[in-house]
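Make a model of the complete structure from these sequences and hints.
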Amino acid sequence: MTDVAAQNRLRQSSQSTNALILSMSILFAALVWLLTDHGNWLRYYPENWEWNIASKITQAIKYLVNDAAINGITLSEVTRSFADVLEIPMLALQGILSEGFTFYHANGEITFIPSMPWPAVVFGLTVFAWWAGGRRVAAVSFITLTYFLIFDLWEPAMLTLSSVVIAVLVSFVLGLLLGVWGYRSARANAVLVPVYDVMQTIPTFSYLVPVLLLFGFNPVAAMIATVIYAMPPMARVTTLALQRVPTNISDFGTMGGCNRRQKMWLVMVPAARQNLLIGLNQVIMLTFAMVIIASVIGAGGLGGKVYQGLKSLKIGDAVEAGIAITLLAIALDQISRAIAVRRPNHVHGNAKSFWERHVLVAATLVFTLAACFLTWVFPALQTYPDRLTISTGSFWNDGILWISDTFYPQIKAVRETLIGYVMRPVKTFLLSVPWTGFVAVVSAVSFIIGGTRLALMSLGLLCFIAITGYWEGAMVSLYLVGLSVIVTLILALPIGVWAGLNDTADRIVTPVIDTLQTMPSFVYLIPVVMLVGVGEFAGLIAIVAYSLPPGIRYAKQGIRNIAASSVEVADMSGCTARQKLWHVQLPLALPDFMLGINQTIMFAFSMLVITALVGTRGLEHDTLVAISKVQPGEGIIAGLGIAFLSIITDRLIGQAGRNMQHRVKRNIR
Amino acid sequence: MTPHPSTTDREALIECCSVWKLYGDRAEALAARYGQNISTEILKETGTISAARDVTFDVRKGEIFVIMGLSGSGKSTILRCMTGLIEPTLGSLKVAGTDLKTASYEEMIEIRRHKMGMVFQDFALLPHLTVLDNIAFPLRVQGISKTLRHSKAREMMDLVGLSGRGNHWPHELSGGQQQRVGIARSLMTEPEIWFLDEPFSALDPIIRTEMQNEFLRLQNLLQKSIVFVTHDFDEAVRLADRIAIMEGGCVVQIGTPEELITRPATPYVTEFTKNIPRSKVVRVRTVMGPANKGLLIEPVSADALVGDIAQRVLSYRDPVPVTDEDGQIIGTIDAPKVAAVLMNKEAET
Numbered sequence: 001m002t003d004v005a006a007q008n009r010l011r012q013s014s015q016s017t018n019a020l021i022l023s024m025s026i027l028f029a030a031l032v033w034l035l036t037d038h039g040n041w042l043r044y045y046p047e048n049w050e051w052n053i054a055s056k057i058t059q060a061i062k063y064l065v066n067d068a069a070i071n072g073i074t075l076s077e078v079t080r081s082f083a084d085v086l087e088i089p090m091l092a093l094q095g096i097l098s099e100g101f102t103f104y105h106a107n108g109e110i111t112f113i114p115s116m117p118w119p120a121v122v123f124g125l126t127v128f129a130w131w132a133g134g135r136r137v138a139a140v141s142f143i144t145l146t147y148f149l150i151f152d153l154w155e156p157a158m159l160t161l162s163s164v165v166i167a168v169l170v171s172f173v174l175g176l177l178l179g180v181w182g183y184r185s186a187r188a189n190a191v192l193v194p195v196y197d198v199m200q201t202i203p204t205f206s207y208l209v210p211v212l213l214l215f216g217f218n219p220v221a222a223m224i225a226t227v228i229y230a231m232p233p234m235a236r237v238t239t240l241a242l243q244r245v246p247t248n249i250s251d252f253g254t255m256g257g258c259n260r261r262q263k264m265w266l267v268m269v270p271a272a273r274q275n276l277l278i279g280l281n282q283v284i285m286l287t288f289a290m291v292i293i294a295s296v297i298g299a300g301g302l303g304g305k306v307y308q309g310l311k312s313l314k315i316g317d318a319v320e321a322g323i324a325i326t327l328l329a330i331a332l333d334q335i336s337r338a339i340a341v342r343r344p345n346h347v348h349g350n351a352k353s354f355w356e357r358h359v360l361v362a363a364t365l366v367f368t369l370a371a372c373f374l375t376w377v378f379p380a381l382q383t384y385p386d387r388l389t390i391s392t393g394s395f396w397n398d399g400i401l402w403i404s405d406t407f408y409p410q411i412k413a414v415r416e417t418l419i420g421y422v423m424r425p426v427k428t429f430l431l432s433v434p435w436t437g438f439v440a441v442v443s444a445v446s447f448i449i450g451g452t453r454l455a456l457m458s459l460g461l462l463c464f465i466a467i468t469g470y471w472e473g474a475m476v477s478l479y480l481v482g483l484s485v486i487v488t489l490i491l492a493l494p495i496g497v498w499a500g501l502n503d504t505a506d507r508i509v510t511p512v513i514d515t516l517q518t519m520p521s522f523v524y525l526i527p528v529v530m531l532v533g534v535g536e537f538a539g540l541i542a543i544v545a546y547s548l549p550p551g552i553r554y555a556k557q558g559i560r561n562i563a564a565s566s567v568e569v570a571d572m573s574g575c576t577a578r579q580k581l582w583h584v585q586l587p588l589a590l591p592d593f594m595l596g597i598n599q600t601i602m603f604a605f606s607m608l609v610i611t612a613l614v615g616t617r618g619l620e621h622d623t624l625v626a627i628s629k630v631q632p633g634e635g636i637i638a639g640l641g642i643a644f645l646s647i648i649t650d651r652l653i654g655q656a657g658r659n660m661q662h663r664v665k666r667n668i669r
Numbered sequence: 001m002t003p004h005p006s007t008t009d010r011e012a013l014i015e016c017c018s019v020w021k022l023y024g025d026r027a028e029a030l031a032a033r034y035g036q037n038i039s040t041e042i043l044k045e046t047g048t049i050s051a052a053r054d055v056t057f058d059v060r061k062g063e064i065f066v067i068m069g070l071s072g073s074g075k076s077t078i079l080r081c082m083t084g085l086i087e088p089t090l091g092s093l094k095v096a097g098t099d100l101k102t103a104s105y106e107e108m109i110e111i112r113r114h115k116m117g118m119v120f121q122d123f124a125l126l127p128h129l130t131v132l133d134n135i136a137f138p139l140r141v142q143g144i145s146k147t148l149r150h151s152k153a154r155e156m157m158d159l160v161g162l163s164g165r166g167n168h169w170p171h172e173l174s175g176g177q178q179q180r181v182g183i184a185r186s187l188m189t190e191p192e193i194w195f196l197d198e199p200f201s202a203l204d205p206i207i208r209t210e211m212q213n214e215f216l217r218l219q220n221l222l223q224k225s226i227v228f229v230t231h232d233f234d235e236a237v238r239l240a241d242r243i244a245i246m247e248g249g250c251v252v253q254i255g256t257p258e259e260l261i262t263r264p265a266t267p268y269v270t271e272f273t274k275n276i277p278r279s280k281v282v283r284v285r286t287v288m289g290p291a292n293k294g295l296l297i298e299p300v301s302a303d304a305l306v307g308d309i310a311q312r313v314l315s316y317r318d319p320v321p322v323t324d325e326d327g328q329i330i331g332t333i334d335a336p337k338v339a340a341v342l343m344n345k346e347a348e349t
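If you read the protein sequences in the order shown, they are chains A and R.
Heads up, the first sequence is in full-length UniProt numbering, so the first residue is 1 and it goes up one at a time.
Heads up, the second sequence is in full-length UniProt numbering, so the first residue is 1 and it goes up one at a time.
Hint data in this document are derived by calculation from the structure and do not stem from the laboratory.
As the structure is a computational prediction, the values presented were derived from the model and not from experiment.
Ideal Cβ placement from N, Cα and C applies to all residues, glycine included.
Among the hints, erroneous ones may be present.
[What the hints assert, rightly or not] Quick list of simulated restraints, FRET-style, between CB atoms:
hint, chain 1, residue 1, chain 2, residue 2, range
1, R, Asp99, A, Ala190, 28 to 36 angstroms
2, A, Pro494, R, Gly175, 42 to 50 angstroms
3, A, Asn561, R, Lys61, 54 to 62 angstroms
4, A, Cys372, R, Ser104, 55 to 63 angstroms
5, R, His114, A, Gln274, 27 to 35 angstroms
6, R, Glu110, A, Ala60, 53 to 61 angstroms
7, A, Arg343, R, Lys61, 39 to 47 angstroms
Spelled out as structure tokens, the structure:
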């Protein structure tokens, strides 16, 4: 009894301390705001106190890459020859699929070996899809490939396919090896995990510049940037998957007399293969997310088409190529997912002869040979004739013109209202809040949620942003992300709850968000820019569109995950549907909602970076500018600013969610 | 069915001597400081958990040694110490003449490749291999050619009743069939010592009985030395030559099923034994009275189970003579004694 009372007293006293700390920090912020003038260091971080680390990093990297030489070989020469090696498999694949091979002989002769005829490529890939996932997946692949042909995107699509395949393979193998290392050595894992954290939160534009300097402006450099982006999740998944192999299987490996290497590669990795293949699927999706971004440093292919289209406002071209990327992403997603869930059946293994077992390979070979012979008679089989291609570019352009003409007043009204009454005031407010006051309030909130450690982390990371001179950019980024998240949640939570409660709604909502999530983030920009033009409003809409699916998904899961018995208790106590929702379902779903909010924010941050391309002005803008000016230091520091903002919000929301979960559990007990 | 419990004089294949396994931050330091004298108080103070405490026993050649205990009693810990999967904190372990503490990594691999076989609770089949390849796996890691290992695996499949299933995948088989694969695989290397870690716990009762019979049939054929871990006392009684009962990391009692039932060492053991039909465990020798010359009724064997001869004894009014292996009359057994056993009452010896 006394124990409980003492605990309660303790909790109350800590609650009052918390309230005191929070109100003190708010009071401090308000006082600084009201009492100091513009020149005061408490209000704005003085420019001459800034630490010029960004430009120093730029100088250092440029020196390292171009001037520092060992035995007369500079670093960039080493890295570029490395890139040349990586280029070989990519060119080989591209040659087979669409380009053919050209050899220049010393005597000036040129030999040309043509690529596989396009009907053979279509046949082979469709058959492969059929083998992996049956009729439906095969149909998706066939439609995708036909789309490339009809819209005259065959060559860029094959370039994208080749670089995606090579990037995925490299990421997969590298991630697998790193993951195995992390599993074997706890010490290695302790180093690797924080590195993955930073690699995954830092905006991609930040490392595009160093990659650009080291590897040049070409598809291989883009591929390397893609690997940096897509590899960490694979490594993480591998370590986790190996840790989740049942101990019995691992013990069997030992008892079966395996040595270390046999145990890893004959027992552990195969036993974890299902989860590893899910990792592969993730790698594919992340690689596609980079297809357009990487075109900033010369990826070419479909991504390049979209990027060019956006830059020159040829919306039609961008739409066509964007749809092509989405189709390719969906096709590869479905194929890899189908392979991941494949379970062999003993009936398959019974066929005896080699050709019987590999009937599909044989058929493809025969078909290819036949097609090759036929190309002598019908050259159209080698190169898809231009006469048969169509372009809908003008259709999209006209359509957009029509929509924006017809609905101009409505769009304008919404846009101006939002900008005038919501966006601009919030932005002005955040920009005029004294930086010291902001840091104080955020640190106080961190302390209340997560204690001293979290408070010190927030304090340190925010001060880093201020000291390096990126405070204003950070506030602009924060304003855009914050508003987008609020709008997203206002939309996502009700839709998610509705889908959670109602099966019919679920049948409509879930396929839509599934499709939205397979689309590369870049694609979201296209229709938005078409309708509302460039600017922060377009950025806001794009972020909302991109972060909506995870928000809806978690809200739905939250409602669905509630134990059936809890709902039955509510029913049997005579609750009305409304009472059940408010008193049972929503409170119990709260931890999942918090997880959803967290995911929404993370998605918003990753989309924020991309919105720089449509003219937003925060830190993301700085990272993009750094690319065009080739300033790796500025790119990295501004990128770290975004990473830090997202890390702070992630830890705060995550901890708050865990606190809430504890409370729910305590109440139940 | 139950084999004759007279393995006392055979040589020991596993010698488990004062084995401790401690878990906790300070486990190693405590072991170094106190050695075998660690007291419960010290363990409690330092928050150290003892999964096994001062465990000593021998496993003899050709016997079925069952370690029985509830979850958390330390039975799996001891099994894993014997297989070298975990290292004991204190004490020594000799398996087939090798001291596990000093054995090198290569030596351990050799022992596991040739002297030990192990069957796991949830089968631990490799999901990416067919039944045939699963069974052949232990030979594969030894670098034996595919034809040879497959032909041996097929023989093994016939032995355990899996003929014709070689091309199936593990997930296509029922639980009982999967464990047959596990058993076949563990026997592929013709091990001297066969470890079974709750092999039938995941199976339905009827399948479990079927598998127990199958196990006894195989043992009659192969005569391995067996360490069998279970939490099911009925199963222990059915299969064991000797049982070690564990509680809280300690061995409470070691003995034949009959010894445990007729002379339980602690109330904890009594709890398990009291629901076991004594007629299926108690032998005539245990309950017989003094020899009485001049009886003409055909005698019963001293080593027969009371349950097996009950009907015969009950059909006579007079006591029935009891003979030993050599046919010498060494005692008598009468209806009241048999009835007492059948009614599960303590025998007044």
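Now the hints, each set against the structure:
1. In this structure the supplied range 28 to 36 angstroms holds for Asp99/R paired with Ala190/A, their Cβ-Cβ distance being about 35 angstroms.
2. As the Cβ distance of Pro494/A to Gly175/R is approximately 46 angstroms, the hint placing it in 42 to 50 angstroms holds.
3. One distance hint, 54 to 62 angstroms for the beta-carbon pair Asn561/A and Lys61/R, holds here, with the actual separation near 55 angstroms.
4. Checked against the hint of 55 to 63 angstroms, the C-beta distance between Cys372/A and Ser104/R comes to roughly 60 angstroms, which is consistent with it.
5. Range check, His114/R to Gln274/A: Cβ separation about 33 angstroms, and the 27 to 35 angstroms hint holds.
6. For Glu110/R and Ala60/A, the Cβ-Cβ distance of about 55 angstroms falls inside the hinted range of 53 to 61 angstroms, so the restraint holds.
7. A C-beta distance of roughly 43 angstroms is found between Arg343/A and Lys61/R, which places it inside the suggested range of 39 to 47 angstroms.
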